[in-house]
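Top to bottom, those sequences are chains A and B. Take 1 as the starting number for the first sequence in the numbering used here and just add one per residue. Take 1001 as the starting number for the second sequence in the numbering used here and just add one per residue.
Take these hints with a grain of salt, some might be off.
Have a look at the derived ranges for each label pair, beta carbon to beta carbon [what the hints assert, rightly or not]:
id, chain 1, residue 1, chain 2, residue 2, range
1, A, His234, B, Val1441, 43 to 53 Å
2, A, Ala294, B, Gly1344, 19 to 29 Å
3, B, Asp1510, A, Asp560, 30 to 40 Å
4, A, Glu95, B, Thr1571, 52 to 62 Å
5, A, Asp295, B, Asp1265, 54 to 64 Å
6, B, Glu1466, A, Glu415, 35 to 45 Å
Calculated lysine-lysine pairs in the BS3-like style (CA-CA distance at most 30 Å, straight line) [to be verified]:
id, chain 1, residue 1, chain 2, residue 2
7, B, Lys1584, A, Lys584
8, B, Lys1457, A, Lys554
9, A, Lys584, B, Lys1514
10, B, Lys1092, B, Lys1272
11, A, Lys513, B, Lys1554
12, B, Lys1103, A, Lys297
13, B, Lys1554, A, Lys457
It should be emphasised that the hints constitute simulated quantities derived from the structure, not laboratory data. Since the model is a prediction, treat every value here as computed from it, not as a measurement. Using N, Cα and C, we set each Cβ at its ideal position, and we do this for glycine too.
Spelled out, the chains give:
Protein chains: 2
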Amino acid sequence: MELSKIKSPADFRSLKIDELKDLCDQLRKTFLIKLSNHGGHVGPNLGLVEATVALHYVFDTPKDKIVYDVSHQTYIHKMLTGRIEAFLDPAKYDEVTGYTNPKESEYDLFTIGHTSTAVSLASGLAKGRDLQGEHYNVVALVGDGSLSGGEAFEGLDEGATLDSNFIVIVNDNNMAIAENHGGLYGNLALLRQTDGKAENNYFKTLGYDYIYVGDGNDVVALIEAFRKVKNTDHPVVVHIHTDKGHGYKPAEENKEAFHFSGPFDLESGRPKFEDNSESYDEIFAQEMLAEMKADPKVCVLTAATPGVLGFSPERRKEAGRQFIDVGIAEQEAAAMASGIAAAGGRPCFGVVSSFIQRAYDQLSQDISINGTPVVLNIFYGTVLGMNDVTHLGWFDIALISNIPGWVFLAPTNVEEYLSMQRWAMAQTEYPVAIRIPGGEVRHAEGGVQTDWSDLNKFSIEHKGNEVAIIGAGTFFPLAQQVADLLAKEGIEATVINPRYLSGLDTDMLDSLKKNHRLVITIEDGILDGGFGEKIARYYGTSDMKVANYGLAKKFADRYDYNQLLTANRLTAPQITEDALSLLK
Amino acid sequence: MELSKIKSPADFRSLKIDELKDLCDQLRKTFLIKLSNHGGHVGPNLGLVEATVALHYVFDTPKDKIVYDVSHQTYIHKMLTGRIEAFLDPAKYDEVTGYTNPKESEYDLFTIGHTSTAVSLASGLAKGRDLQGEHYNVVALVGDGSLSGGEAFEGLDEGATLDSNFIVIVNDNNMAIAENHGGLYGNLALLRQTDGKAENNYFKTLGYDYIYVGDGNDVVALIEAFRKVKNTDHPVVVHIHTDKGHGYKPAEENKEAFHFSGPFDLESGRPKFEDNSESYDEIFAQEMLAEMKADPKVCVLTAATPGVLGFSPERRKEAGRQFIDVGIAEQEAAAMASGIAAAGGRPCFGVVSSFIQRAYDQLSQDISINGTPVVLNIFYGTVLGMNDVTHLGWFDIALISNIPGWVFLAPTNVEEYLSMQRWAMAQTEYPVAIRIPGGEVRHAEGGVQTDWSDLNKFSIEHKGNEVAIIGAGTFFPLAQQVADLLAKEGIEATVINPRYLSGLDTDMLDSLKKNHRLVITIEDGILDGGFGEKIARYYGTSDMKVANYGLAKKFADRYDYNQLLTANRLTAPQITEDALSLLK
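Next comes chain A alone, as it looks inside the complex (with noise of 0.2 Å):
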């Protein structure tokens, strides 16, 4: 059928079985032209037609509910749920996010962009359904690589005890982003090597009935399996095999780089775009080899996403047995580095800023009232980085700051940053975080410090009077900005690198009062909790005029990157407006 005629599922369910194969790849055809365009999650979506399809096809959506973990291969469902115009038509392209998203359709039922969490949501609506008398499918669909975060085995362990409708489907396409790693993952390729029938089954010693599909890309067989299992009255698990990258060559062969990828040339798979410029993943990870080889006591771990800290497959073979994937683990990963540590090797966790919201706890009781000297690298911390609401950056000064223990360390620059990077590898003291900036990848301009131990030195970058602005991380650019702009009004500011988010230079904060009535404080998160704050509470009972710039405390979903600082007033024209007017 013409896809374009598909507003909703009711809209093909009328199509016979075997015209559904040709509906599969039609879909996948526009898929990809869009995907080539645009860019976006290829193979997990490439993986899940069929199975989309089948859903759809089998299941009385909306009313039906089905919740799609992580979200990201949720593109073809977007297709079939009155949103065909999106992948259709380019001018298009940007109407729907890569997410579900309730406010598009009421066919998706929450927003989601971390892992793990739907088994969880879906146990929470089925027991909703139950309290209320009703009665329709529930229906969680999990990736395998999701299986290894807690939430996704707290779900499963309390979903299991259900005494009603509550379908779990387990799409298995044996990666994560890259490979996955647990021992649960053993199970899994059992569970496929004896087509579902191996002795112990992880999901059967939870309390799953269990079914499985051997070729979860073979459209038919997955509409045989989900008629089994709707409107059954007790939990069960359709384990299906999907093949990641299905039915498109370059995806299929090269699955780590077509999980998300950049437009790319449909022909070649290569990417439109090569973008060579200096980044701090880069960085990060040629300085952690070179560490991890001058001492066998090093190790750098993630949570299954070593590409974001550099490590291509070779640089992780490299690496060896150095290198720490705990799969999608951030809890793990944080308290695993805690053990490290306790045990005399020195472990860095690199960690996306939005993923680390997942080891609070473990941040607090495992690391620091242990005192355990890890070393944790926040990436993408900062508003410059990635902009869909799921994803947000600002959070994690607030979130590590206000911990007791830790040292937070917001480098300006790369040689800041090496230099934060071997201190806090070399030093047995404290927990270390360090908070890689955002935005354009700065140099410094004169030599840089080697010893960070004298903890919370702000320093003086430019000494003037009147007003102080003090710039941390991303940001202190924009504090120099200012300078630049007040000088022009005659006024010689103050420009400071705090360095430290942790704590307060209380020494120099007091010398300010000498010849300053103004003190700016510019951050790269948001204000609430934030570092600006501090440093208002410390002036509050004296004269000292405090304005803190940052994020207010609100969600922002796929913003344009200057509406939101000019929003927030984190402009350099802005700042010294308010500057000069308060100085007045």
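Given chain A's structure and the hints, the job is docking chain B onto it.
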């Protein structure tokens, strides 16, 4: 042998195996004498006497490392590792903490108090050992109740991939604090019933070798099992079936009450002190039972601490399927609540302040980004609550109030609490957290409003001038006390109950500028990232002076309330003194 002679495990390793039963009896007897006088975790330790003796008998501690999950079951461990005097001599009872503590002994690897962390921490010890080419046994001992926590799963999953010595002892007494919940427990029951021979075996699915010990209180059987796995070259689980409360009839018969107990009469097992004073657990349970009866959509969730919420076994039975204990699984409780709310149910999740740290990401992603109207009740969120370093209730304001979207309420008395609770359950606009006050239970003097939908409206309880004192939640009475002291000095202070912790009443704050020079904030939590800093930031560019009172960003262990409050200047005379000085 004489217990007082045990200075280290070496002192009893020379005993013959058949002499160990007598040692166990002596340890149990001495333990019970202390606990009946002192209180503590009774049941978990009684069940583990034999296993603890067997562990230290077989393994070469402290070279071999044993990590105890939660570590509330390490009293016997402490008796065997140089700390027997703290159990024999009443004057020294308080010389040991109730958890492992490296400051006490080299036999204690970590300071642990939260559940589900031991396997993860031990996996790190093993990895750190391997990186350095060292050789010793790493043992994690984890209770069945802790296995439902996501971190325990993540640790097991990763630990299984270690290509070296790694021993996990599952201490299965078929209980958490209360009964277990989760599909996994069906598998544990099956393993117990089949003497470990069931077809599906949870631990085997994760890749572990597996040994079962049916009588986990038989020291000889335990020694045999531990000897089998000692110096293993791969990950192995030893599943031991123990009896919570073993050897003390009252504790065997009333396992939930004896999980943790205050002093009790040794003969009858009856508590020595009955506390019949008014308490928020009772108030919460009565209120929510009434709400559940009135509306089948209402439900209460707990993550394995029903007693904290006042839900005794009888009340749980009364609530039926509307009371949901997900087991030790805060991530699931939060996400499931979001799903229930999305399906039209009305969930209320009651949780201990320190444990909500395990669900930060779920509060943000699963709940707030989705705007699901979950109600969260924070228990023990106060400096006046639990004082073990691992259970501090000081951090939830900084944690919750800085996540966008949450309405965070701080009632100051019973009537205000109930009004907020009813409004929160009735509305469907926001996720709402309510912080149960600490300290003495207070009652409202006048009427209380019923509608809290006009967000962030602070309440002026007494109009004055010059100085305004904003006392949040537990510390509202302290604000009143300061006002009383200031009145004696001729200053009539304004006293404000902010009620909301998640936003500011900017109109009121602006209006204070007219006739106030100083605003004092007092909160029951850490200053960093807390409520007061937001007010300091708001007034930062004005002439208003702001003095924030709360706790310094430091951990404290087994602190004396009065000492800690005084050290943080959180007493009425100190705040008054500061205010007078600032107003000069």
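Verification of the hints:
no.: 1; hint: A:His234 <-> B:Val1441: 43 to 53 Å; in the structure: 44 Å, holds
no.: 2; hint: A:Ala294 <-> B:Gly1344: 19 to 29 Å; in the structure: 59 Å, violated
no.: 3; hint: B:Asp1510 <-> A:Asp560: 30 to 40 Å; in the structure: 32 Å, holds
no.: 4; hint: A:Glu95 <-> B:Thr1571: 52 to 62 Å; in the structure: 59 Å, holds
no.: 5; hint: A:Asp295 <-> B:Asp1265: 54 to 64 Å; in the structure: 59 Å, holds
no.: 6; hint: B:Glu1466 <-> A:Glu415: 35 to 45 Å; in the structure: 51 Å, violated
no.: 7; hint: B:Lys1584 <-> A:Lys584; in the structure: 26 Å, holds
no.: 8; hint: B:Lys1457 <-> A:Lys554; in the structure: 19 Å, holds
no.: 9; hint: A:Lys584 <-> B:Lys1514; in the structure: 21 Å, holds
no.: 10; hint: B:Lys1092 <-> B:Lys1272; in the structure: 21 Å, holds
no.: 11; hint: A:Lys513 <-> B:Lys1554; in the structure: 27 Å, holds
no.: 12; hint: B:Lys1103 <-> A:Lys297; in the structure: 25 Å, holds
no.: 13; hint: B:Lys1554 <-> A:Lys457; in the structure: 19 Å, holds
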